[in-house]
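Make the full structure from the sequences, and use the hints.
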Amino acid sequence: MNAESTKLSPGLYLVAVPIGTARDITLRALDILASADVLAAEDTRSLRRLMDIHGIAVGDRPLLAYHDHNGGRMRPRLMQDIADGKSVAYASEAGTPLIADPGYDLALDVRNAGHGVVAAPGPSAVITALTLGGLPTDRFHFAGFLPNAAGARKSFLLELKDIQATLVLYESPNRVAAALDAAAEILGPDRPATLCRELTKKFEEIRRGTLSEIAQTCRDVPPRGEIVLLIGRANSSNVSDQDLESQLRITLERATVRDAADEVAAQFGLPRRKVYQMALKMGKSD
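Position 212 of the sequence shown, counting from 1, maps to 212 under full-length UniProt numbering, and the rest follow consecutively.
Just so you know, these hints were derived from the structure itself, not from any lab. Be a bit skeptical, because a hint or two may be false.
Under the rule of at most 20 Å between Cα atoms (straight-line distance), these lysine to aspartate or glutamate pairs were calculated in the EDC-like manner [as the list claims (entries may be wrong)]:
1) 7 with 31
2) 161 with 213
3) 281 with 263
4) 281 with 241
5) 154 with 204
6) 281 with 245
And the structure:
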């Protein structure tokens with residue numbers, strides 16, 4: 001289906017682009033990329049390649065790089081374009097703009113200047129990981145990237161320790177084993193976790209287990225590519241054995257002992273071993 005080129009109102013258009021598979025882009029995003037007066041991207045090569053795949057010509061329109069290193073210099077240029085009545089489309093390198101992305105300052109300045117900011121929603125590594133990760137999604141806390149330095153990383157994890165929500169982190173392949181070791185030390189080695197790698201791409205991989213187990217797999221088989229790390233919520237001291245048994249009984253009606261133990265352990269943020277032993281006894285008694 002060909003993108004429709006139409007006249008856009010002046011303003012900033014935040015365009016979500018695929019995190020892997022090029023066909024994950026929305027029709028509306030394609031229309032905006034075909035119509036905007038000015039194109040800005042965290043990575044201009046990635047955006048140009050995506051537009052080529054979908055048959056959208058850049059033509060004589062400006063295609064400008066906007067990233068962490070040149071944002072202060074480029075924002076005035078883009079702001080002036082909007083003030084002059086032009087539409088500016090901005091795309092991250094991958095996923096949804098403003099999520100761990102340099103577009104935040106641009107959108108803030110545009111909004112503060114009284115101009116329009118429009119979102120064309122679409123792919124997000126955070127949401128995709130939560131969809132596949134097998135941990136509770138009723139509440140989640142996106143914490144971005146962990147600090148590089150070991151001391152700062154541990155302090156950061158201590159701040160996250162008692163949050164009653166699934167934690168979502170971005171991590172690089174060369175640091176993920178150290179990050180998991182630190183998380184196991186601070187948050188507890190038996191805390192459930194999921195490592196999501198190369199989401200929607202050819203070599204997509206999901207590793208599930210405890211923090212210590214996944215840390216060991218990263219040492220044995222180092223992961224490559226883009227990584228999203230999910231960590232189960234903090235243990236709740238208010239979960240009684242009666243509540244646990246009740247939830248297990250409900251879950252065992254539709255799942256195996258192993259799957260029920262995985263699901264309930266993640267739901268309550270409890271060590272899987274304890275929940276599995278309880279589920280095993282209940283399964284035998286039934």
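So if I understand the rule, the pair passes when the alpha-carbon distance is 20 Å or less; does residue 281 with residue 263 pass? Given pair residue 281, residue 263 holds - Cα atoms ~17 Å apart, limit 20 Å.
Please work out if residue 281 and residue 241 have their alpha carbons no farther apart than 20 Å. Between residue 281 and residue 241 the Cα gap is close to 13 Å, so the pair holds against 20 Å.
With the threshold set at 20 Å, check whether the alpha-carbon distance from residue 154 to residue 204 stays at or below it. With a Cα-Cα distance of about 29 Å, the restraint between residue 154 and residue 204 is violated, given a limit of 20 Å.
Does residue 31 lie within 20 Å of residue 7 when you go C-alpha to C-alpha? holds (10 Å)
Keeping to a limit of 20 Å between CA atoms, is the pair of residue 161 and residue 213 held or broken? Holds - the C-alpha atoms of residue 213 and residue 161 are around 19 Å apart, at most 20 Å.
Taking only the CA atoms, is the gap from residue 281 to residue 245 under or equal to 20 Å? holds (10 Å)
When each numbered hint is compared with the structure, a violation occurs for hint 5 only.
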